[in-house]
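Peer 1: Spelled out, the chains give:
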Amino acid sequence: MDILLAIAIMALGAVVLGAALGFASIKFKVEGDPLVEKIDAILPQTQCGQCGFPGCKPYAEAIAKGEVDINLCPPGGMEGVQRLADLLGREVKPLEAEEKPKQVARIDENTCIGCTLCIQACPVDAIVGAAKQMHTIIAQQCTGCELCLPPCPVECIHMEVIPETLENWKWKYPVVAIQPVAARPSAKEAA
Amino acid sequence: MLAKLFKFYGGVKPPSNKTLSNQQPIRPAPLPSRLVVPLHQHIGGTPRPLVQAGDPVLKGQKIGEADGWISAAVHAPTSGTVVEVAMHVRPHVSGLESLCVVIEPDGKDEWITHGPADRAAMSPADICQFLQEHGIVGLGGAGFPTHGKLKATPGVPMAELIINAAECEPYITCDDLLMRERADDVVRGIAVFRDMLQPTQVIIGVEDNKPEAIAAMQKAVEAQGEAFAVVPVPTLYPAGGAKQLIRVLTGKEVPGAMRSTADMGVQVFNVGTAYAAWRAIGHGEPLISRIVTLTGNVRGAGNVEALIGTPMDELLKLAEPNPDTDGIIMGGPMMGFLVPNEHAPIVKTSNCLIAHSERLFPPKAPEMPCIRCGACARACPHELQPFELYWHARAKDFGKTQQYHIFDCIECGCCAYVCPSRIPLVQYFRFAKSEIWAREKEKKAADEAKQRFEFKQFREEREKAEKAEKLAKAAAAQAAKKAAEAAAASEAPATEQPAEAAADPAEAAKKAAIAAAMARAKAQREAAQPKNTDELTPEQAREMAEIEARRQQAGIVPEPADAQPATTETKPE
Ligand code: SF4
Ligand code: SF4
Ligand code: SF4
Ligand code: SF4
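So the sequence lines, in the order shown, correspond to chains H and S.
Each residue of the first sequence is one higher than the one before, starting from 46 at the first, in the numbering used here.
Each residue of the second sequence is one higher than the one before, starting from 50 at the first, in the numbering used here.
Calculated directly from the structure, the hints in this document are not laboratory data.
Note that the structure is a prediction, hence the values are computed from the model and not measured.
Any given hint could turn out to be false.
Restricting the straight-line Cα-Cα distance to at most 27 Å, the calculated cross-link-like pairs of lysine-lysine (DSSO-like) are [unchecked claim]:
1. Lys492/S to Lys516/S
2. Lys490/S to Lys217/H
3. Lys482/S to Lys147/H
4. Lys200/S to Lys111/S
5. Lys198/S to Lys147/H
6. Lys560/S to Lys177/H
7. Lys492/S to Lys110/H
8. Lys177/H to Lys531/S
9. Lys215/H to Lys560/S
10. Lys83/H to Lys505/S
Produce the entire structure from the sequences given, and follow the hints as far as they go.
Peer 2: So this is what it looks like as structure tokens:
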């Protein structure tokens with residue numbers, strides 16, 4: 046009798062707790078994978094595919110699964126690698142490719158034949174134009190991914206480095222004067 | 050008079066060096082050979098130029114139109130001819146250029162017709178507009194357009210109007226001289242602000258090391274029968290910081306995150322701004338000149354009234370700099386900076402030029418590690434912990450610097466002044482702040498790019514689905530037709546083939562068109578600078594017509610498949 050009662054109580058407990066857990070898993074469901082979201086937030090969203098993935102999100106997913114290195118995104122630069130390393134607790138590695146200054150694409154409007162091929166290539170819809178009309182790039186929306194360069198049949202798109210202006214000027218990191226060791230004899234004694 | 054003054058936390062007492070330049074009366078500066086007037090001299094939108102090279106201008110003529118509400122007009126400082134509207138170096142630490150109007154004076158200094166404002170007939174909004182049109186901006190520090198501050202926050206009664214005449218930075222004496230010589234106009238300007246804001250009291254805070262200015266102001270206030278309180282405040286840097294002055298005069302603590310002090314019923318204006326506002330309202334004169342202290346390593350230190358746009362090196366010559374002068378500091382020694390290019394012009398916010406020399410400002414001994422002595426934290430008027438900020442800014446851990454309230458730092462330099470390790474703390478803080486701003490901008494751009502990318506993907510999916518649906522419908526129709534034809538029991542075999550065959554020549558024609566275009570563009574590129582299509586050779590025109598005809602034949606033109614993305618681009622749904 047006692048045994049049955051105990052079993053009944055345990056069963057009841059199991060049902061109640063199970064229901065609570067089930068409810069919580071529906072109520073507090075997390076949309077998407079939070080780690081992927083966090084990694085994606087660090088990636089520059091240039092969508093250039095230089096990492097070997099078709100966009101930043103797929104690369105973020107691959108990083109989250111631990112399949113790839115964190116140093117494959119050139120637009121993110123060393124700083125991006127550093128921040129990914131901080132987030133994931135992985136080792137900082139030098140960037141696979143060379144770091145480039147920020148650029149925007151520009152269409153030579155005299156040469157453009159209006160083929161619309163670049164519009165289809167641009168991942169962020171930063172190009173406006175229509176068939177057989179001159180095309181142009183909205184500089185503010187261009188991420189500098191260079192994906193529009195290869196499809197252009199007349200090679201009229203080129204990249205331009207964004208110049209430094211008073212609007213985007215930044216204070217530099219204070220330079221620490223490096224002293225020759227000989228100038229500090231006491232350093233040796235201290236060491 | 051006020052019963053009690055309060056104290057703010059921290060602060061330092063650097064040698065004031067003010068007697069150097071406050072002994073002589075204000076001199077008018079002679080007309081310079083050339084005036085370079087930057088259009089962007091204040092916080093907010095960049096004014097649009099109204100003149101072109103070759104235009105004659107009169108003194109006080111508007112040459113830049115305010116762009117938006119937080120912006121102010123710019124005027125020609127003297128009569129003459131506009132030489133160019135071009136990029137010229139700005140008095141900025143970066144040494145970068147911005148759009149300037151360059152004027153060659155004709156020596157006549159001929160005014161445009163101007164006159165006082167009819168205040169009785171003007172609403173407060175009209176007065177704000179009038180001040181904006183006359184280019185009045187704050188002359189004390191950042192240059193915030195004055196009209197933007199002349200409105201109480203709705204629901205918050207304006208308790209105190211504070212006039213900042215503390216002038217706490219060493220060397221600078223332009224406000225001191227202004228009050229000694231032109232106190233009447235200053236008081237009239239303050240009365241304008243008082244009428245606009247309707248505060249319960251008006252307090253003029255002057256550091257107690259300027260007894261002559263205090264006496265002159267008291268006399269002017271009495272003469273005009275005003276009830277303004279002229280209050281001497283203890284000399285302690287940075288008593289002239291807005292938050293510090295509010296604290297000293299009213300005891301009110303301004304919360305770090307507060308954007309405008311009007312939200313707590315206090316508004317602060319610089320004395321120079323009050324004077325400029327009166328010159329505009331009482332005389333119709335726009336802001337085209339200001340008083341500048343010339344001091345430092347010079348023989349004839351003093352204050353001059355200089356036209357906006359006067360090159361700094363030319364102006365400093367008036368004070369006869371010593372031969373070992375090797376640079377110009379704009380602003381005071383605490384918050385100013387060494388200008389990278391000495392031809393940069395005086396702007397509305399240039400209060401002081403200090404001739405720099407190694408004798409006066411010996412190079413700092415090398416920086417040593419932080420010993421966590423806490424001297425900086427005791428000196429910081431904002432009760433921050435500079436050594437923690439420094440540590441995190443140095444490590445580029447910007448999230449942490451924000452946790453330690455880096456944006457409350459006013460860059461006053463007290464911490465760096467007392468640091469025994471001579472760490473350039475403020476430089477680290479500026480670096481961290483601008484890095485945080487840049488990152489925020491980048492983050493916003495990245496988010497936008499992501500949104501656009503996701504939308505494009507969604508749109509492509511949708512187009513694919515729509516196409517598939519169309520094809521399915523067509524196939525169904527085809528099948529139905531076929532079935533009907535089969536039912537008619539006649540020759541039904543090859544209805545599909547022609548369709549396929551039609552697709553092929555279409556493809557081929559398209560390829561040919563692109564190949565022809567490539568060849569044409571290549572020829573164009575090679576032939577020097579390509580022209581537009583209206584200057585084609587007859588041969589090219591013929592070729593184009595041919596391609597056109599071929600395209601028409603192939604049926605590409607009526608419904609160009611590749612134009613679809615373009616149309617969706619221009620018509621976002
Ligand atoms: S290389 Fe970087 S920016 Fe380019 S797609 Fe990959 S993650 Fe995005
Ligand atoms: S315009 Fe070109 S470079 Fe710029 S985002 Fe689009 S495809 Fe990339
Ligand atoms: S004053 Fe200088 S040495 Fe002392 S704690 Fe501050 S930063 Fe460190
Ligand atoms: S510069 Fe900033 S941290 Fe340093 S004392 Fe001034 S407010 Fe404090």
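Peer 1: Find the hints from earlier in the document that the structure breaks and name them by number, from lowest to highest.
Peer 2: Hints 1, 5, 8, 9 are the ones this structure does not satisfy, whereas the remaining hints hold.
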